[in-house]
Amino acid sequence: MMRIADALAAFKPYRGDAIVVPGRGGKFWVELTQDPHLDLPLGDPAMGGHAGFALGLALAQPNRKVVLFDSEGDILMSLGMLTTIAEQAPANFYHFLLDNEVYATTGGQPVPNAKNVKYDKLALAAGYPRAQAFDKLDDFDRALPQVMEKPGPVFVALKVYPEIENAPIGQRRRWNTRSRTQVVADLQQKLGIAADEATR
Amino acid sequence: MSEASLSPETVLAEMTKNGVSHIVWLPDSETNWLYLLMKAEPSLTLVGVSREGHACSIASGLAAGGARPMILIQNTGLQESGDSLRGWLLSMNVGVVMMVGYRGWTRHGVTTDTAATYTEPFINAYGLQYYLVENDADAPRISVAFKEAAKTNKPVVVLVGDEFHGFNR
Chain A
1 MMRIADALAA FKPYRGDAIV VPGRGGKFWV ELTQDPHLDL PLGDPAMGGH AGFALGLALA
61 QPNRKVVLFD SEGDILMSLG MLTTIAEQAP ANFYHFLLDN EVYATTGGQP VPNAKNVKYD
121 KLALAAGYPR AQAFDKLDDF DRALPQVMEK PGPVFVALKV YPEIENAPIG QRRRWNTRSR
181 TQVVADLQQK LGIAADEATR
Chain B
1001 MSEASLSPET VLAEMTKNGV SHIVWLPDSE TNWLYLLMKA EPSLTLVGVS REGHACSIAS
1061 GLAAGGARPM ILIQNTGLQE SGDSLRGWLL SMNVGVVMMV GYRGWTRHGV TTDTAATYTE
1121 PFINAYGLQY YLVENDADAP RISVAFKEAA KTNKPVVVLV GDEFHGFNR
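As they're listed, the protein sequences go chains A and B. Reminder that position 43 of the first sequence reads as 43 in our numbering, one-by-one numbering, no gaps. In our numbering, each residue carries its 1-based index in the second sequence increased by 1000.
Here chain B stands alone, though its shape is the one from the complex (with noise of 0.2 Å):
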């Protein structure tokens, strides 16, 4: 996989490498492929919700239990789990990692698109670290961010900034 995208390979492998027991997610629809690779990865349990707050208290039993999973989700379904955000992850001081499909993000030009607005300002008013992942070469920062929510015991954010052209390849 060219390194000018990011490929589902390589983000199921930071998973594994990290020690991933359950990816807590809501699909969207460039993560397709990634889900057909996590169903077939038998280190992984997959536990779909049907709206975002739902991960957040999900994650928090998990990590409670004495498991590691991953939040896997759309950066419209963050902003809907406001609430269970602060009160089931940053009040119970869960360090759990939420891979965030960017939505609407560009590089190039002027988004149009009101779910990547208002993104970061979102992650930073809930006072979120957070580490842009665009393609292959940017994957280790998937790793930091693993390491930066078992440090601080607090969420931290990785957004995929490649949705229109990777997962759905």
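Chain A on its own, in the form it takes in the complex (with noise of 0.2 Å):
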């Protein structure tokens, strides 16, 4: 298993100009990025939705890297988004699984069947065309310039250490300092979206 922010950290170098959806990641990466405006933090919105999201995202803008770290108990809520992104195919489209095999928000309940699902077989049964699996740190790094570097659809699978949190949801730390209609605004800026274009 590795740290979720040590995964991330890894990825850093690789990001390029990519848009980066860190589902429940983002508490940790708007630590590491250095560059906001392309990143969408939304905290969680609605569960299970994030690579819908991410995958609406990669199909309006098809010419940028979109990079998605998704979560195993949000896919689990939405196995047959997997069926959609694979039909649809986004080449942009690169989908990252932080699997802890618990609800950490809730406290640390182990989500159904927790560790025996494959979920990058998952994925490779749904149509994505590339798919892998990493729980070792020095694995997931020696693999990242290749994941990247080739077109997506691409599912990669990583274990992650569950970092619980049991404080009562008004008493956690608000990590992100952007509502998520500004988060997105500013999307909208850095990609010279104009204003009437996204809200016509």
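Any given hint might turn out to be false.
Claimed, not checked - Keeping only pairs whose Cα atoms sit at most 25 Å apart, straight-line, the calculated PhoX-like set for lysine-lysine is:
1. A:K136 to A:K121
2. A:K136 to A:K12
3. B:K1154 to A:K190
4. B:K1151 to A:K190
5. A:K159 to A:K121
Note that these hints are calculated values from the structure, not bench results. Keep in mind the model is a prediction, meaning the values are calculated, not measured.
Assembling the complex is the task here: the two chains are given apart, and the hints tell you how they should meet.
Below, the structure is given as structure tokens:
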């Protein structure tokens, strides 16, 4: 297993000008990023939807890489999304999965069949052309150049340590300093998307 | 096509007139003819989903990236997608038109289909504006929905009340 922050730090040199949707890794990524206006740290708008949101971005911005750090709890809630992504097959879509085997934000209860699900195999079976799985940081680090160099869609499952939060939600540190709408507005400004184009 | 029904050509014309780039949809048995027309329209990209809640998050990402999505689902799926509607459309201020097949709706008699019974209370619970479209004469309401979605940055629902004798002809 690896720490989420270490996995994100390993990815960071390969980011280039990609749009990053950090998902449940957001609180770690905001400490690492050097281009926050290309990031979409949204927190958790609704569980199970990060993959769909990132797919939509990838389809709307086909000339720019979109990198998603999804979670196994989210993707279990939306397994059918894998088939939609595979059918659309956006070549600019890089789908990483942070698999800590638990619902960390609710106290660490295990996800169904936590230790036995092969998420990379699920992605391949859904039609992704490439999928890999890593449980050691060194192996992930070595594979990253090839992962990011080849076209997507690609699925990369990472075993990460559960970093469990037990404090009531209202007492947790607020790591995101921008609202969701501000995050999107900042991205659109960075990409040069006219306001009327985005909100017609 | 008679004004007594809503023709798929009319719906397609509203989509293209309003600059729709992506149709995020889950088909139902009544929209097959519309599917063939949409598939043949080069300005549209079809994004099929397997669960209606997925349409909300995909449409949210499309809108964030500067595209102009439209959601096409049935009222059963609208009710399934409540949390995604809340989180990925309303909390993200996404002005998107959701065209929703109104299964079970009838102007005559009493519907026995609970899919219809709960549709409008559901829409009202989320505070969404909606328009009923039954035939070609109602089609301008679709453009009204697009304008309102853009103005309010909220989803606007178009209920299609013609599903049992329209698109499958």
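Straight-line Cα separation of K1151 of chain B and K190 of chain A no greater than 25 Å? holds, 23 Å
Straight-line Cα separation of K136 of chain A and K121 of chain A no greater than 25 Å? holds, 18 Å
Given the hint that K136 of chain A pairs with K12 of chain A, test it: the Cα-Cα distance must not exceed 25 Å. Holds, at roughly 17 Å.
Given the hint that K1154 of chain B pairs with K190 of chain A, test it: the Cα-Cα distance must not exceed 25 Å. holds, 23 Å
Regarding the pair K159 of chain A and K121 of chain A, is the alpha-carbon distance no greater than 25 Å? holds, 14 Å
Of the hints listed earlier, there is not a single one the structure fails to meet.
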